[in-house]
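Protein chains: 2
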Amino acid sequence: MASSAPSAPPAPESYAQQDHAFTATPPGDYTLHHQHHHQPPSSMAEHGKEGKFFGGSSGFPPETNPNVIRSFQTVDRDSSGYIDENELQQALSSGYQRFNIRTIRLLMFLFKNPRDALRIGPNEFAALWNCLGEWRATFEKYDKDRSGKIDFFELRDALYGLGYAIPPSVLLVLYSKYDDGSGRNIELNFDSFIECGMIVKGLTEKFKEKDLRYSGMATFKYDEFMSMVIPFLVSYD
Amino acid sequence: MASSAPSAPPAPESYAQQDHAFTATPPGDYTLHHQHHHQPPSSMAEHGKEGKFFGGSSGFPPETNPNVIRSFQTVDRDSSGYIDENELQQALSSGYQRFNIRTIRLLMFLFKNPRDALRIGPNEFAALWNCLGEWRATFEKYDKDRSGKIDFFELRDALYGLGYAIPPSVLLVLYSKYDDGSGRNIELNFDSFIECGMIVKGLTEKFKEKDLRYSGMATFKYDEFMSMVIPFLVSYD
Numbered sequence: 001m002a003s004s005a006p007s008a009p010p011a012p013e014s015y016a017q018q019d020h021a022f023t024a025t026p027p028g029d030y031t032l033h034h035q036h037h038h039q040p041p042s043s044m045a046e047h048g049k050e051g052k053f054f055g056g057s058s059g060f061p062p063e064t065n066p067n068v069i070r071s072f073q074t075v076d077r078d079s080s081g082y083i084d085e086n087e088l089q090q091a092l093s094s095g096y097q098r099f100n101i102r103t104i105r106l107l108m109f110l111f112k113n114p115r116d117a118l119r120i121g122p123n124e125f126a127a128l129w130n131c132l133g134e135w136r137a138t139f140e141k142y143d144k145d146r147s148g149k150i151d152f153f154e155l156r157d158a159l160y161g162l163g164y165a166i167p168p169s170v171l172l173v174l175y176s177k178y179d180d181g182s183g184r185n186i187e188l189n190f191d192s193f194i195e196c197g198m199i200v201k202g203l204t205e206k207f208k209e210k211d212l213r214y215s216g217m218a219t220f221k222y223d224e225f226m227s228m229v230i231p232f233l234v235s236y237d
Numbered sequence: 001m002a003s004s005a006p007s008a009p010p011a012p013e014s015y016a017q018q019d020h021a022f023t024a025t026p027p028g029d030y031t032l033h034h035q036h037h038h039q040p041p042s043s044m045a046e047h048g049k050e051g052k053f054f055g056g057s058s059g060f061p062p063e064t065n066p067n068v069i070r071s072f073q074t075v076d077r078d079s080s081g082y083i084d085e086n087e088l089q090q091a092l093s094s095g096y097q098r099f100n101i102r103t104i105r106l107l108m109f110l111f112k113n114p115r116d117a118l119r120i121g122p123n124e125f126a127a128l129w130n131c132l133g134e135w136r137a138t139f140e141k142y143d144k145d146r147s148g149k150i151d152f153f154e155l156r157d158a159l160y161g162l163g164y165a166i167p168p169s170v171l172l173v174l175y176s177k178y179d180d181g182s183g184r185n186i187e188l189n190f191d192s193f194i195e196c197g198m199i200v201k202g203l204t205e206k207f208k209e210k211d212l213r214y215s216g217m218a219t220f221k222y223d224e225f226m227s228m229v230i231p232f233l234v235s236y237d
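Heads up: the sequence lines are chains A and B, in that order. Residues in the first sequence are numbered from 1 upward in steps of one, following UniProt numbering. Residues in the second sequence are numbered from 1 upward in steps of one, following UniProt numbering.
A portion of the hints provided could be inaccurate.
It does not matter which identical chain is used: a pair holds within one copy or between any two.
Stated by the list, open to error - Derived DSS-like pairs (lysine-lysine); straight-line CA-CA distance at most 27 Å:
no.: 1; residue 1: Lys221; residue 2: Lys144
no.: 2; residue 1: Lys141; residue 2: Lys210
no.: 3; residue 1: Lys141; residue 2: Lys221
no.: 4; residue 1: Lys177; residue 2: Lys144
no.: 5; residue 1: Lys208; residue 2: Lys221
no.: 6; residue 1: Lys208; residue 2: Lys112
no.: 7; residue 1: Lys141; residue 2: Lys177
Bear in mind the hints are in silico, worked out from the structure with no lab data behind them.
Extracted from the complex, chain A is given alone in its bound form:
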């Protein structure tokens, strides 16, 4: 599906100039690496609590790319400062492409403010946008022929590049879920790459929350295990 290749954003000033396209935060200020790999998802939304990241009346961190703010405010029609899953789908369409509502729900779940499961605010949105920017840059790096799709080995390398060294045998189980039974080789577009990657990222971070010593082992109570895993199952409506 060539149409599902990442679309050009409306105002990509920084796109050609830096490796991490669409990052709203200047490199070195609050690094993406720090933001995404070493903190569990629930704390991603907490940057705003550290006063220095707050700025202006918009509720966005200072130096947030104006396009990010504009995307958010365009869909937040009642200016409540929060957007729901359908609004998030619209907002991201301005900078990326239209994501499947399944991917959107996964993004909402991973980036949500712990106090509000159904909506996200400016800080969560900015963090999500930055993360997608990093992932898009990685996707494009591995999509060498610019077809808008990557194969299994490229997916593996891309996730490795993002800090996720998932065993190939495990990744293959996830990757094979995108097999449409047509006998064609599976390739993932950006939407599926994000979905696939966010599953790996989210589950890995949930595991790490219980593996504080980085031993590669984690112990769960039954209730913890069930409530950790079930949110990753998709919605069935």
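Following the hints, put chain B in place on chain A, whose structure we already have.
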């Protein structure tokens, strides 16, 4: 959706006579309780290895209800002794209702023979049929107005009756995935009940495989954790 209520099977001789409708095995011979609650899913398919459960040339356990054998053989057109997910969907339609392919894949995953991930044989099919029979009897017991649907509390009680004491807060996360956003109260038809219940059953059994002392705690390696959870995510084609 009244149309999604469990449909009458073609040959329900035993249906009105016993509590466990559609069980192919007589009560007391090889109890359903033993079969489903104390053994991990991978061993469910192993009964046939114990010689006394094998019988006849059909590959089915002795005393298997002829309707079960007929359902299997009708869809196994090449008489290979194995059926795939589409054939399973057809076979179950004769005795139950048409299940969503998502539910079918979950059933395939939970009842599959460890040596063949994509097909199931007579023993797996008989075990699956028996399990569905027990679950259908439970569903009907809690569907007091015979509407073909059950609500959250009935689901909780039904799962408890089947041996799964899942915390209500965790079950609510799973149950809320069936919310279609219409504002109507959620109710589950038999297909969704099976999907929901099989997720609980499957994850619980995976957990128990690592909690041999029944302590309520289990320790996983990262790879184990990831490869255990990912199969429960649905297929994305």
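Could you tell me which of the numbered hints above are not met by this structure, giving the numbers in increasing order? 1, 2, 3
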